[in-house]
Amino acid sequence: MDATAIFFWLLAALAVAGALLVVITPHIVHAAVGLILALSAVAGLFFLAGAEFLGAMQIMIYVGGTVVLLAFGVMLTARLTFVRMRTTADQWVIAVLLAAPLAIILLQSAWAYGHLRSAQVSSETRSMEAEAVSATDLGLALVGVRPQVDGASGLDPRSASNRATMDGYILPFELVSVHLLVVMIGAAYLARRRTE
Amino acid sequence: MILAGILSPITVTHYLVVGIILFVCGIVCLVVKRNIIAMLIGVELILNGANINLVAFSSPQLFASGTAPLLLDGQVFALFVMILAAAEAAVALAIALQFYSRFGTVDVDQGGQLNG
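Taken in order, these protein sequences are the chains called A and B.
When we follow the working numbering, the leftmost residue of the first sequence carries the number 1, and every step to the right adds one.
When we follow the working numbering, the leftmost residue of the second sequence carries the number 1001, and every step to the right adds one.
Don't read these hints as lab results, they were simulated from the structure.
Among chain A residues calculated to face chain B with C-beta under 8 Å, some are:
(1) 8
(2) 66
(3) 73
(4) 76
(5) 137
(6) 186
To give an idea of the interface, some chain A residues facing chain B are shown, with a C-beta separation under 10 Å as derived from the structure:
(7) 35
(8) 67
(9) 142
(10) 173
(11) 191
All C-beta atoms in this analysis are idealised placements derived from N, C-alpha and C, irrespective of residue type, glycine included.
For reference, chain B alone in the conformation it holds in the complex (with noise of 0.2 Å):
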């Protein structure tokens, strides 16, 4: 059944797939890194496997039909969640030196004076 599937024209569902992995890594990542820049690199994975599925569905040649659910839109959208990734990254890596010249460390554990 693997090998059929290995064997079988791409579809959009292997995109979908690849994009899962990297949504799940991302998330784990997050979750389980106390590291505030690895924490970021997580956050760049989930954007990465959320941007894998708009391409995926604004593909015309991965549908059967020919036709793709978001032809270009998918695209343009794909475009604007880079950009904003750029642009979180930008600040989180800001308020990051910020966080380490004040507490002398990038483990968010230590974080905990900031409240308040």
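With the rest of the complex left out, here is chain A (with noise of 0.2 Å):
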């Protein structure tokens, strides 16, 4: 069992662990917190597939901005929820158990990065970074360059019946910029408070 199956293992009993979280609890909080559980195992599993571009923008597009619009929707709707806010002891104990092991692994991760530079870095660590990154092609792709199928199909590039099955994205990335455009604007319209 090599590091990969450990860490999709941990990782998917996550995601399932939030989902279910989300469907059991009938307390509308509780369900935000497993989702945004859910999400961020999702993001880890994304990297594991190989997708670290899509992972990244799980957590800054879902973990960072879905879920944050959702707790307002929440704040603003719950009633009662809300009103008392002091943080109990027990809540110290644990929120102190689960930061202090973080503080402590991130701090040693940081001394350890110094010394894995300055060492001897062998050529097979190096081609492995260079392989991980998919997010210049993801990036090619959307602007309508799209250079591996260009280059490993051998097909002609100006041939307009192949050219067709070659465009990028570039079509449905400007029709989606202006579908947000838009749907900013309208929500901004429908949330606004009536004066009457």
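Please dock the two separately framed chains into a single complex, following the hints provided.
Okay, here's the thing in structure tokens:
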């Protein structure tokens, strides 16, 4: 059982636990916490599957954006949940138990980074680093260039029928950006306070 | 048999099972909950279950043959799903706030007056 399998089972268990928490709990705030857990674990699964850029986007868009939006929705519509905000002693204990190992691990890895760089980096490690990044291909595909497809398929890019299958995603990219603008204007219009 | 399944290398099937569990949890959440925010959370789970499938089918290392059916296309689709999910959450929350200010509740069963 290698490291990939161990991390997969860990993250899969976290994702399933979060999803089950969303379904089982009657409390809407607990459901939001379960959603955060599930989405973060899915981001880890994306990293494991070799989709690093998507994993980062999952954290930024979902965990950073959508869930914050949902939390605002919960707070604006829930009545009695957020009246009492005092932290109890057992919550402090749990918080310190979670935060202290995290701080130790992060400090340890930050301290080890300098040693890692100064040590001789084997060529194998370097080639793995170069291979692991998929963001460049993804960005090129979004602006309409597909070097992988153009190079690998061996088709002639000048013929029109081939070009239709090789084009990147520049049209959906532009469409989705205009769509986001329209959605933002529409949401601001919908959520405004009516003055009558 | 279960132990053999755990010890075998991670394949696309493992990812599909995780995606199915998230998808089914999202469907159950969407059907069972009457809170409009909880239903939105269910929709997010459904979209994530679909995204796991797309990413799994775009990842060559999950296939024994060393190549994937959707190479980069799956990742691009998943990215678009994320963007549209963010847009959907923004509009749906604006509607939810409007619903709350009009009816004083987030119970979707109270929205019967909306028709006509």
